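Keeping their order, the protein sequence lines are chains X and E. Note that the numbering used here has the first sequence beginning at 1, numbered continuously upward. Note that the numbering used here has the second sequence beginning at 1, numbered continuously upward.
Identical chains blur together in the list; that is why a pair holds if it fits in one copy or across any two.
The calculated DSS-like cross-link candidates involving lysine-lysine, where the alpha carbons are at most 25 Å apart (straight line), are:
#1 K3 with K115
#2 K187 with K225
#3 K225 with K391
#4 K145 with K298
#5 K166 with K225
#6 K298 with K176
#7 K38 with K145
#8 K145 with K3
FYI, nobody ran anything at the bench for these hints, they're computed from the structure. Quick caveat, the model's predicted, so the values are computed rather than measured.
Number of protein chains: 2
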Amino acid sequence: MVKVAILGYGTVGSGVAQVLDTNSSEVAISAGQEVSLKYILDLREFPGDRHEQQVVHDINVILDDPEIQVICETMGGIEPAFSFEKSALMKGKSVCTSNKELVAAHGPELVELAKVHHCSYLFEASVGGGIPILRTLNTSLKHEKIDAITGILNGTTNYILTKMDKEGAGFATVLKEAQEKGYAERKPEADIEGYDACRKTAILASLMSGQYVSFEEIETEGITKITQEDFSYARSFGMAIKLLGMIRKNENGFFTIVAPFMIPLEHPLASVNKVFNAIVVHGNMLGNTMFYGKGAGKEATASAVVGDLIDCVIHAGSHIDVNMNAEHARLSDNGSFVHRFFVRVPEEDADAALEAFGDGIEHITSDEVAGEFAFVTDLISEKHFHEAYQKLDRAKGYLRLL
Amino acid sequence: MVKVAILGYGTVGSGVAQVLDTNSSEVAISAGQEVSLKYILDLREFPGDRHEQQVVHDINVILDDPEIQVICETMGGIEPAFSFEKSALMKGKSVCTSNKELVAAHGPELVELAKVHHCSYLFEASVGGGIPILRTLNTSLKHEKIDAITGILNGTTNYILTKMDKEGAGFATVLKEAQEKGYAERKPEADIEGYDACRKTAILASLMSGQYVSFEEIETEGITKITQEDFSYARSFGMAIKLLGMIRKNENGFFTIVAPFMIPLEHPLASVNKVFNAIVVHGNMLGNTMFYGKGAGKEATASAVVGDLIDCVIHAGSHIDVNMNAEHARLSDNGSFVHRFFVRVPEEDADAALEAFGDGIEHITSDEVAGEFAFVTDLISEKHFHEAYQKLDRAKGYLRLL
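For reference, chain X alone in the conformation it holds in the complex (with noise of 0.2 Å):
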C-alpha cells in the first residue's frame, strides 16, 4: 500500500479524492498496488466530510511522514504552492499537479529538484484537463518530429465564442451569461485576455522543444475585441473563430502565439464547439492527431491527476522524464513564419489597404454587414502585417487565418 496526501480540498482537490474513493479497484490495479489517502491540506475544517479525519493544516505534517510517497498539490497559484512542492520533492517524494501557473513558471526548476531526488514531477492535468495529452507527448509520440502544436486550451473562451456563433450575441451579453452560469469567473481576464491558453500553450511549447518556454516570451491577444461582423465575414467564407494556442517549429527556432484565429470549416478544430478543448499535435511521420475532450471540471481534471499519481508509484524510487529543462527555447523573430490576416477598414479606406498591403488581397463580402471593405491577405508575417496595419488608422480589427 502506498500513502499520498492532497494539498488543498477545493474543486480539483475534492475530485482527487473522490476519484480515488470511486475508482479504488481500479487504482490499485493500475498502481500495482492500494493508493491510500492520509492527509488533506487545507486551511478550512470539513465537518461531516467522508475525509474530515484526514485533513491537517500544517504542512510539516506531510512533508514530515516518510510514509507519504506522493503529494498531488491542487492549491493552484504561485505561492504557498512552490515552497511546498520544493520542499516534498526534496525529501524524495513525487509531486502531481494541476496548477498551470506554477507549472509554466518554474517547471524546469522543480523537474530537475525531482530529477535530483530521484522522484518524479508531472503535470497533465495542467493542460487540457482530462485530455490526456502530454503523456502521449512524452511516450507514444516522443520519437516523432513535432513541427506543430495547435490547440484550443480554454475553454471559458471557447463556450463564448461558440455562443456569440449559434446565437448572434455579442461579446458582453454572453460573458454576462457565462459568468452567471458560472462558465467564466467574475474576474474573466485570466480566460478572456488568453493568459489561462498562453500558460498552457508555453508548457508544451517547452515539452515539445525539450527546453522552456516561458509565457511571457508568448504574444497573446484575448477575444475581447470580436464582433458579431467578424462571424458574418467567417460564416460568409466558411470559417470559425476559435481562441488558438500555437506553436511550430522550423529551422530558425519556434514561433509562439496565443490568439483568435479564423479556422476552416473542415478544420477539426472548428468544431470543437462549448466548453471542449481539442489539441492537434503534427508529426512528421504520423501527420495530424487530434486529443479532444474536457478542458477543465473537476472530475475530468481530478481524473488526470490520478493518472499521474500512479505513473509515479509504479515508477516509485526513479525519475520519469518529461522532456523540459532550464535552457531557454529558441524563440524566432516572426519573420520566418507566415499567416494570411483577415481585415477589417471602413469602405473609404479600401484603396489605402490595397496600397498598404498590395494586390495580392481577397476581398470578402458578407450580407449582414455595409459600409466595410474586409480583405484577407497574402501570406506574411507579423511583423510585415503590423507594418501595414499600423498605416490604417481607422482600421476595424483583424483576425489571423489558420
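Here the structure of chain X is known, so what remains is to put chain E in place on it, guided by the hints.
Showing chain E alone in chain X's frame:
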C-alpha cells in the same frame, strides 16, 4: 545499441524502416539507446533499396540470432505471421505488430506467451493506425471505469460515406472512384462489409473488458445498403451517417456492434470525414475523450509500430501488461442495451409500421424523398427491433441512432 528485425517489407514494413531512418536520433533518445535494423524478412529481393543488404528469406536467421531483441511483424494475415510471432516470443523476443487479423484472432495466446517469456506483445498500430489509443487506454485511462468506446475505425468506408453525403453520389459510383484512387481495395468486402472495423472493435472490446472478445461474436453490418435517401433524411433532421464500432458496458456485460449509425451533427464523431478515424472513450470520471487521426497510411501506421518498438526496448527483459487474456468477456444478450432506430417503409405501410412499433415513433420527412413513410422508434433493444421490423416485409431499410 539494440538490434531489431522487420517481417514483411510491404507498405507498413517499409514505413517502419523509413521511420527508423528518418527519425533515428528521436528514436534513440526515446529508447535510451540507438536502434539498429539488422534484418528484413521478405520473399522478394529489393535491389537498389537502401536496406537491400538486410533482406533475408529465412525466418530462422532472425529467430536464431540472439542479438535480435524486438521484431516488427508487418506481414498481415494469419499464417505464417502467427507461427513467426509465436517462435519469436518463445525465444524472449518482443513483438510489435500492425496485424489486426492476427491480434483479433489470437491476441490472448500471444500476450500470454510474451508474459511467460518475459517479453512484450504490443499492437498499437492494429487499431486506428497512427492514433495512440491502445497505450492511452492501458496507461493514462487505466484507472477509469470505461463504459463506452465508439469509433470510426475504417477509413475506406468513412471516405465513401463522406463522398456520398457531400456529393450526392450513389454507393456503387463512389466505391468505384475510391478503388480508382487506391482508397479501396479491388476486393472491397473487408472494408465495406465492416469486417475490418469488426476486428478493431474486437481488439478494443478485449482491452476494455480486460478479457477477450472474439470478432466472430460481434454483430457486423456494412455500408452497402446505405442510399442517397438515407442521407436526405439524415440531413433533414441534423444527422450524419457513419460506420461505427461500438462497445458499451453495464452490469449485465458488454454490448458490441459494428453498423452504420445516424449521429447528431453536434457529436464530435459527426465531423470526422474522409479517410480519418476517431475513437470516443467514455470514462466515469473523465467523461468523453476523443482521439482523432490517420487510421491508415504507411508512415502513420509505421510510426505507431515504432512507438511500440521503443516501449519494448525500454522495458527489455520485462512484460508490458496490455490488459487482455483468454477468458471470454460476457457479452450480454442485447435486451439490456437500447437504441433508437430510423426506419423507412413504403407510404402505404405507414399503418403497419405504427402497429409494429407503437405510437411512440417520430415521423421524419425529407423534401427530397416521396412515397415513403420514414420514422424513428423509441429506445428499444436489438431483439425487439428485429421482431417488429421483420413484420414489415416491404421495409426499405433501417439505421441505428447514436
